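S.K.: Residue numbers (the numbering used here), protein chains in the order written: chain G, 1 to 269; chain F, 1 to 265.
In case anyone wonders, no lab produced these hints; they're calculated from the structure.
Pairs of lysine to aspartate or glutamate residues, derived as DMTMM-like cross-links and limited to a Cα-Cα distance of at most 20 Å, are as follows:
1) Lys263(G) <-> Glu92(G)
2) Lys96(F) <-> Glu28(G)
3) Lys96(F) <-> Asp85(G)
4) Lys263(G) <-> Asp176(G)
5) Lys16(G) <-> Asp112(G)
6) Lys105(F) <-> Asp4(F)
7) Lys105(F) <-> Glu92(F)
8) Lys96(F) <-> Glu92(G)
9) Lys16(G) <-> Glu28(G)
10) Lys263(G) <-> Glu89(G)
11) Lys55(F) <-> Glu52(G)
12) Lys96(F) <-> Glu89(G)
Taking beta-carbon pairs under 10 Å as the criterion, some of the chain G residues facing chain F (in silico):
13) Ala27
14) Trp32
15) Thr35
16) Thr36
17) Val41
18) Trp81
19) Ser177
20) Ala180
21) Asp183
22) Val197
23) Phe202
24) Pro203
Treat the numbers as computed from the prediction; the structure is a model and nothing was measured. Here a beta-carbon is modelled for each residue, glycine too, at the ideal position from N, C-alpha and C.
The lines below spell out each chain.
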Amino acid sequence: MNAIFRALRALPTLLKVGVAEAVAYRAEFVIWLLTTTMPLVMLALWSEVAREGGPVGGFTGADFTAYFLASFIVRQLTGCWVAWDMNREIREGTISMRLLRPIHPLAAYAADNAAVLPMRLVLSLPIALAALYFAGRDHVTHDPAMLGLFCVTVAGAWLLSFSIMSIIGSLAFYIDSTLAVADLWFGLFFILSGYFVPIRLFPGWLQAAADALPFRAMLGLPVEELIGMQTRASALRGMAIEWAWVLTCWTGAVVLFNRGARKYSAYGA
Amino acid sequence: MARDVRYARLLGAQLRIAGLTSLQYRADFYTDAVMSVFWLAVNLAPLLVVYGHEKTLAGWSFPEALVVIGWFTVLKGILDGAVNPCLTAIVEHIRKGTLDFILLKPADAQFLISTAKLSPWRAVDVLGGLGVLVLAFVRLHRWPAPAALLSALLLLGAAVLLLYSLWILAVSVAFWVVKLDNLAFLFGSIFDAARWPIGVFRGIWRFLFTFVIPLAVLTTYPAMALLGTLALRTGLLAGLCALAFFAFARVVWGQAIGHYTSASS
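Work the whole structure out from these sequences, hints included.
M.R.: See the structure below:
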């Protein structure tokens, strides 16, 4: 309990440092933005499919535009690379610095990662406005309750992606090739989250699988909420699954990290 | 002449060391092989969904689009196996300042750096890509003519040269922007778009992917050459484009090296 209180008290300072760091490495940020252009490529592709053969499974060209622009924004808000940082710091031994501090390293990592969100929000705002302009107002939900649900879902999606990245990062305490695990995770994520293909265009059994697994909640669900493709009931059901996964994965990350840190001995330290 | 012989011997030595180094990590072969099959499946999934809804896309039938994916996978194997490891190492050298040791050696720095590392296990990707190509032609019920095969191989050479030049250009940026851990991701994510025939993209994307980052030269043109539908003029232009990019990358690299101010100074 005491530890949580301590972390909360340090949070504002950690966030301030994180924001300052994000501003200091502006150029890296722009490049990071460019690495996440896949939704825009998929947008071009699916628009062409809809243009040639008419609507695909109920998706018109405008639907695809709204879907992929929204998924670009959601990805900006929920993307998280902490597995790479942890892997490097564990391998090089620099994680010892974090272990010495009186705050749980996972809380510090979370603050680092949350601090970059304002910068990403600023950079993706023009795209959000463009989305509103191109897709038209009909393609953004008018339901204020749904917008509220969207915010909660995005927060959950960020926590979920942070937890899973932390699990993969903590694996570096135990095994050598954590980055292969990250690779595997991203491959599954690309397919099952709706990043490449809206989940609705999948065959039924695959949709059911995507619903039960944590992937869809991380991208497809908030996107569909934002563009008005989810009813309140289905959104609430999706969120229940999402937060169940958040709890499971966060607990898993903390347990894995603590057990790993206990047996860890930095090389050369 | 003597210089060429010296560099040829140097290349031999570099590749031997790189090969021996990677032989120490034989277990990587299994992870790489599994991951290669896995990513092939991931890459094929959107294609299957698209062609589940359409017979042709921008004039490309399913087997023809498979030829493009096949080329994409072959190139990805070459990129990950021979190009990426070296260039990731440069970024690390720049960050830590250890590039000094390479610059001090009495040989061309770009040459030394570009041949320093290899991940031969990534050749599994190349095999997977060739498998997809064979599958595509089995479904087309015909085989490429010898001339088509030859021109496709020449274009593959151009594609590799172009990839390498683009990488050198990206790495040159690292001299100005030091914190560039995600350079490989940037490159990979742009390269990812090359798995689709260029005809799929319209307007600004088509312009971008043909002239600014010529993805068409990487996969679409070699695939068209293999299918025997590429005009000779386009093929020649693709080769010229690769050479021009190589020359440009060489000049930019020279400029970038001039900007290098080690890490401690």
